[in-house]
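If you want the building blocks of each chain, they are given just below.
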Amino acid sequence: MSAILRVENLVKYFPIRAGVFKRVVAWVKAVDGVSFEVNEGETVGLVGESGCGKTTIGMVLLRLYEPTSGRIIINDDDTTYYFMPTLRARSYIKKTYVDKFNTMLKKFGSKDAVLNALEGVDKKYAEIFFNEVNSSVGKFCSSLLSNIDEKRRQFRKNVQIVFQDPYSSLNPRLRIKSIVGEGPAVHKLVKGEKELIDRVRSVLEDVGISGDYMYRFPHEFSGGQRQRIGIARALALSPKLVIADEAVSALDVSIRSQIINLMKDLQHEHKLTYLFISHDLAVIKYVSDRIIVMYLGKIVETAAKKDLFDNPLHPYTRALMSAIPIPNPNIKKERIILKGDVPSPVNPPSGCRFHTRCYMAQEICSKEEPQMREITPGHWVACHFAK
Amino acid sequence: MEKSPVLSVKNLKTYFYTEDGIVKAVDGVDFDVYQGETLGIVGESGCGKSVTALSILRILDEKGRIVEGQVLLDAVDLTKIDEQEMRKIRGKDIAIIFQEPMVALNPVFTVGEQIVEAIMLHQKVDEKAARVMAIDLLRKVGIPEPEKRIDQYPHELSGGMRQRAMIAMALSCKPKVLIADEPTTALDVTIQAQIMELMKELQREYGMAIMLITHDLGLIAENADRVVVMYAGKVVEYADVKTLFNDPKHPYTWGLLHAIPRLDIEQTRLYNIPGVVPDPLHFPSGCKFHPRCEFKEERCTREEPELIKVGENHTVRCFFWQKVDEAKMRKVGEFM
Ligand SMILES: Nc1ncnc2c1ncn2[C@@H]1O[C@H](COP(=O)(O)OP(=O)(O)OP(=O)(O)O)[C@@H](O)[C@H]1O
Ligand SMILES: Nc1ncnc2c1ncn2[C@@H]1O[C@H](COP(=O)(O)OP(=O)(O)O)[C@@H](O)[C@H]1O
Ligand code: SF4
Ligand code: SF4
Ligand SMILES: [Mg+2]
Ligand SMILES: [Mg+2]
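Which chain is which? The protein sequence lines are A and B, in order.
Take the first sequence: its letter number 67 is residue 67 in my numbering, and every next letter is one higher.
To convert, count from 1 in the second sequence and add 1000; that's my numbering.
No wet-lab data here; the hints were simulated from the structure.
Where hints are given, some of them may not hold.
[To be verified] Partner residues are not named here, just some residues of chain B that face chain A (Cβ under 7 Å, in silico):
no.: 1; residue: Asp1264
no.: 2; residue: Val1276
no.: 3; residue: Pro1278
Quick caveat, the model's predicted, so the values are computed rather than measured.
Heads up, the beta-carbon is just placed ideally off N, CA and C, and yes, glycines get one too.
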C-alpha cells in the first residue's frame, strides 16, 4: 500500500478582524497541526463535532483555502506550493527544502549521507537539488516550478470534492450536461461535442441517472438525485482522490442508504480513494477502512476501523461513541455524558484541548499537551493516560 | 388498569391550500399520548410530523387548515374551541420546543425577559418573583451561572445553551404535554446526549407527557415508550417501542430499520429503499408507499389500506403485512 495523500503538520488559522482599520485581533485556530495519510484505494473517515475543523481540512486540501503552514503531498509530489504566487512559492521551496538540505549537509558531511537519510518526496527533491541543479537555489526553484500550469491542471483533475448540500452546490442556471461536462471539456479529456455527450451520458448512468436527463436543470431533480449529479460531476474527471464532505448528511434516511451504496460501488469500479468527512460516526463506521477522530483542530485518535471500535482509547472517542443513540431498544447502553460545551477554537484550552470536558483529566492535562503515541501498530492516540 | 390519555389525536387531517394545489400534509393521523410517557413520532422529511405538532397547537400559517378530526386534551376538542381559549392552553397545558431555538427565541429580548413574560402570562406572579423563578429554571436545565446568563441575548449563547433556554421557557408553566420537534437535530451528539438526559430527568420530576418528533430511529429507540411511524401524511405503523423495533410489520418501517448504518451490528450492505419520498402535490394512488414497496400487489395501486390491528397495541397500514414476516425470516442474514 502506498500513500496517495500525505498531510504533514497542517495548520490553518483564520484572522478575526475588528475596528475601523480591520486589524487582526485574534485567530481562529481551525486546524492546528494535523498529520495523516490516505492510502490508495482506501476510505479514510474523518469524524468530529461541529467546528472541529473537518471542512477546513477538505478546503485546504483542495486549495480553496491556502494552508497557514504544513505540507500536502500527493503521490510523492509536494503540492503545497502549486497555487501560491511565484514569489511565495519560491520562498516556500527555499525554506522547506533548500534550507533543510543545506543544514543536513553541514551535519552529515556528504551529499550521499544526506540522500541516504531521506526518503519519499524529500529524497526525490534532494536528488534534484544536489545532482541535477548543482545546489543552485534558483535553478532548483525553477525546476520545481516548471510546468506549473500543467501541475495545477493535473491536481484539479485528480482531486475532487462532493459537497454536503445538493441544493446549493449545483449552479441552478446550468443544464446537467454543462455541470457534469465542464470538467472533461476544460481538461480536454474529450474531443468534440459527440465525445462530450457520450462522456456525460456514461457518468450519469454510472450514478443511476438516465442520460436522457442531461438537458434538464438542477431544480428538476430531488435532493438524492442532485447528490448523484454532484458525484457524477466529481467522477467525470476520473479523479484519484475524492473528498466527500458530509456528502450524505443532508439526505433523508432512505435516500442516504442509496447514495452510500452507490459511493461504495463506484469506489470498486473506479478504484477511488475517499476521504469521507462526516459528523455521523455510524456512517463513518459503515464506509471507512480507517478512521481519524478530531477534536478542536487536532487529531485525537486514529486507527483501523475495527481497532477503533473494539478498543477506543481516547476519552473523547469513547464519549462520542457512547453518545450515539442505538436503534435497538433491547440494548441499554452505558452513557458518558460530557459536561459543558465545545470550547472556542479562538482560545483553545491549554495543554490537552479536551481537558475542560474530560472525565479522566488530571493536573498534567491542563499543563502539557499530549503527543500522538502509537499504542498498538497503526493505532495512534493523543492522551497522557492512554495505554 | 387502562390509563386514559392526556392527549388524543383522532383522524387528524390538515391541508394547505397553495397556488399549486392542495398539499395534504397530514391526512389521517391517530395516536394517544399518556402522562409521564414519551410518544415518538418518526418519519422522513416532509411526511407531516411538524404539521401534526403545529395543528395540535393551532399555529398553522393562513394557508393551512384542519379539515377533519379531533385533538382531545382531557376530553376538550382543541379544534373546536375559540382562539382566546386556545391561547390559554398554549404554553400552559401544551408547550413546544423547536429544532432551531434561534427561530423560536426573539433575538431582540434577553433570555430572561422572554422566560419572565412566559411565566407572567399564565401565572399570577409579579415580575420580581417571575425573575427568581426564571433563574431557578435556567439552573435546573443546566445553564451555568444563571444569574448572569439570564440577561444575555439568544445569540450570545451556544446552540446547546439556547436549546436549554427553550426548554426552560417551555417548562415554565409545568405543561401536561411537551412537544419536542427535532429538539436535538441541530446539535452535536455529545450535546444531544446532555439535552435528552435533561428531558428525561424533567419528565421524571414533572410527570409530563412528551411527544418526541424526530427522523432519528436511535433517539426513538432510546427515549420513546410508544412509536408512530409516518409516511406521506399518514400513520403507517403504531406500536410500543420494543414491538416496533423487534417485530416491524410495515414494509416501510422494516426498510428504514435496515437502511440505516448502525453501530450495534456489522453490516455488509445497507438495504436500499428504492425510489424517492413522494411529492405531496402528486401523491401516488392507492397505498402511498406502493411505488417503493417490494411487497406490493396490484391491489395496492388501486386501494388505500386502513390501519389494521395486528397485535396488542400494534396497528399497521398494509394489506400484506404477513409478507414482511416471511421476508424477515429470509432476509435477516443478508443485512445484519
Ligand atoms: N472562512 C472562515 N473564516 C473564519 N473562520 C472560519 C472560516 N471557516 C471556518 N472557520 C472556523 O473554523 C473552525 C472549523 O470550521 P470547519 O468548517 O472546518 O468545521 P467542521 O468540522 O467542518 O464543522 P461542521 O461539522 O459544523 O461542518 C470553526 O470554528 C469555524 O467557525
Ligand atoms: N406553510 C406551509 N405551506 C404549504 N405547505 C406546507 C407548509 N408547511 C408544511 N407544508 C408541507 O406539508 C408537508 C409536511 O410538512 P412537515 O410536517 O413540515 O414535515 P416534517 O415531517 O418534515 O416535519 C410537506 O410536504 C411540506 O412541504
Ligand atoms: S490527556 Fe488528560 S484531558 Fe486529555 S484526554 Fe487524556 S486524560 Fe483527558
Ligand atoms: S399496502 Fe401494498 S404497497 Fe402498501 S405497504 Fe403494504 S404491500 Fe406495500
Ligand atoms: Mg463542515
Ligand atoms: Mg419538521
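Hints, one by one, checked against the model:
1. Asp1264: Since the shortest Cβ distance to chain A is 5 Å, the answer is holds.
2. Val1276: This interface hint holds because 5 Å falls under the 7 Å limit.
3. Pro1278: violated, 10 Å
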